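K.L.:
As a plain string of letters, each chain reads:
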Amino acid sequence: MDAPHHRLLVVDDSNVIRKRIERANELPEIEFVGAARNGREALEMHAQLRPTLVTMDLTMPEMDGAECVAILVQRDPQIRILVISALADKLTAIDALEKGASGFLCKPFTDRQLNEALRKLISAQ
Amino acid sequence: MIAGNGTAMTLESEVGVFVAGVLHYFASSVQQAARCGTPHLALSERPEIADYTGIIRISGKRTGLVAFTAPKSMLSVMLMRMQETDMSHENLCDLVGEIANTLSGNARRDFGHQFQISVPEVVAGRGGTLEYPAQGRPIVIPIEWRNYHARLIVCLQ
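Order-wise, the sequence lines are chains A and B.
In terms of this note's numbering, the first sequence has 44 at position 26, counting the first letter as 1, and numbering is strictly consecutive.
In terms of this note's numbering, the second sequence has 90 at position 83, counting the first letter as 1, and numbering is strictly consecutive.
Derived from the structure by calculation, the hints contain no laboratory data.
Please read all numbers here as calculations on a predicted model, not as lab measurements.
Some hints here could point you the wrong way.
[Said to hold, decoys possible] In silico lysine-lysine, BS3-like type, Cα no more than 30 angstroms apart, as pairs: (1) A:K117 with A:K138; (2) A:K37 with B:K79; (3) A:K37 with A:K138; (4) B:K68 with A:K108; (5) B:K68 with A:K117; (6) A:K108 with A:K138; (7) A:K37 with A:K108.
Chain A with its partners taken away, still in its complex shape:
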């Protein structure tokens, strides 16, 4: 089995979703390192935990996901961010990708869809 070499930070204002993403991850290459409730918390945790992967909600209090994506990519251009949002329109997805996100998964999602999206994220060059 491969040792984990991707460090995952989960960012979502829903505790249920944060724990679901942590539980659903089946990829041995990915190690869960922490969870944040909003963009501001995510920036603090990024400085401490140095994740290489982030799942990012968009609609959150204090600092939304789009603003957080832009700051994280500026800090670490190598970071890979999967936006996981209920905002299902194309413009929202395009905006997130333009800010530096690497992928977009629409809520609601199955565990299988989450793992496929994470697999694509870590296999992307």
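Keeping the supplied structure of chain A fixed, place chain B upon it in accordance with the hints.
P.N.:
Leaving out everything else, chain B in the frame of chain A:
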């Protein structure tokens, strides 16, 4: 309302967007199909709310709210289906808010980018009432899942 593709939407097609959203939510998140009953307008009285109600305020080209209201027993079983073992009040509030958020967010695909949605608010307890837009007429969509009954309330101007 004008749809995301620029065409006018009828009330029936607007309601259809939310009905499809509910069915998709249950199929994906708890991987067990739900059924929607016949949607109806709440003309003379405020729709009753259940133990937990998640509310999303809508602004932009349309204003109003989308609310998902469900009994505690139903939300607890939904959490179990999601492998969650913590059935606390906080997690029940979290789930009902997330459901309302997801249904509203998904609706933007059909209603367009100018359909702005708030972060979720949650009302716990059956005694609460929702504040509807002054001229709004709430549409109630009954939702049946297993032996449980919930409602989606859509009130947009």
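K.L.:
Each hint should be assessed against the structure and marked as holding or not.
P.N.:
For each hint, the structure was consulted:
no. : hint               : verdict
1   : A:K117 with A:K138 : holds, 19 angstroms
2   : A:K37 with B:K79   : holds, 20 angstroms
3   : A:K37 with A:K138  : holds, 21 angstroms
4   : B:K68 with A:K108  : holds, 18 angstroms
5   : B:K68 with A:K117  : holds, 25 angstroms
6   : A:K108 with A:K138 : holds, 20 angstroms
7   : A:K37 with A:K108  : holds, 27 angstroms
Consistency with the previously given hints is maintained throughout, with no hint failing.
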